[in-house]
Amino acid sequence: GAGVSQSPRYKVAKRGQDVALRCDPISGHVSLFWYQQALGQGPEFLTYFQNEAQLDKSGLPSDRFFAERPEGSVSTLKIQRTQQEDSAVYLCASSADVSDNSPLHFGNGTRLTVT
Amino acid sequence: DAKTTQPPSMDCAEGRAANLPCNHSTISGNEYVYWYRQIHSQGPQYIIHGLKNNETNEMASLIITEDRKSSTLILPHATLRDTAVYYCIVRVGYDYKLSFGAGTTVTVRA
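Chains A and B supply the protein sequences, listed in that same order. For what it's worth, this note's numbering labels the leading residue of the first sequence as 15, then goes sequentially. For what it's worth, this note's numbering labels the leading residue of the second sequence as -15, then goes sequentially.
None of these hints come from the bench; they were simulated from the model. Everything numeric in this text was worked out from a predicted model, so none of it was measured. Warning: the hint list may mix true and false statements.
Straight-line distance between alpha carbons at most 25 angstroms, and here's what the computed BS3-like set of lysine-lysine pairs gives [as the list claims (entries may be wrong)]:
| no. | chain 1 | residue 1 | chain 2 | residue 2 |
| --- | --- | --- | --- | --- |
| 1 | B | K53 | B | K36 |
| 2 | A | K92 | B | K36 |
| 3 | A | K71 | A | K92 |
| 4 | B | K81 | A | K71 |
| 5 | A | K71 | B | K(-13) |
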């Protein structure tokens, strides 16, 4: 079946521009996650949704980062006034239900380069 | 979450079994051991997880020591496509977060 889909695959933004990254989770998956992965590092947790509710945004690095999942399916990660340090791969993951130890399934990410 | 320790890199011969070690000496009784791998330019891929019993699926086997302080991921017949960074993660059963470390860069050589 279809996995987690992310778009665009690559995004180049000039410093100061706003960007929006899209995630289409696996159909029916309740939980959705965003991670940030810097070059040569492991993924770092950003935020977590259960259905449309954002239950944890403790990993968002600044108030320029905003995520939403208004109908409990597709999610968008928005970064305002991008800075060079925002350059990274942004990964989305979904799982059926974290309460039963369902594994996370990741998309292939969006590589953001801020120039 | 308990921390894990993995070797930074290892080489394996194609067609041979690859044994990837992981130490998690401070693991708690309700923490599971998860393995993911990340092939270049792709997202992390779930491999297997277990609590205390050994587990096997179509991708790999997970052997957890009796004291649960370490585990080994076994890829039974490594292929060139298994070249990737392998992450060993411990996660509390009810916790939604996965905390990734640096992982082991595994290179399968022909």
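Evaluated hints:
no.	hint	result
1	K53(B) x K36(B)	holds (10 angstroms)
2	K92(A) x K36(B)	violated (40 angstroms)
3	K71(A) x K92(A)	holds (13 angstroms)
4	K81(B) x K71(A)	holds (12 angstroms)
5	K71(A) x K(-13)(B)	holds (22 angstroms)
The structure fails hint 2 only (numbered hints given earlier).
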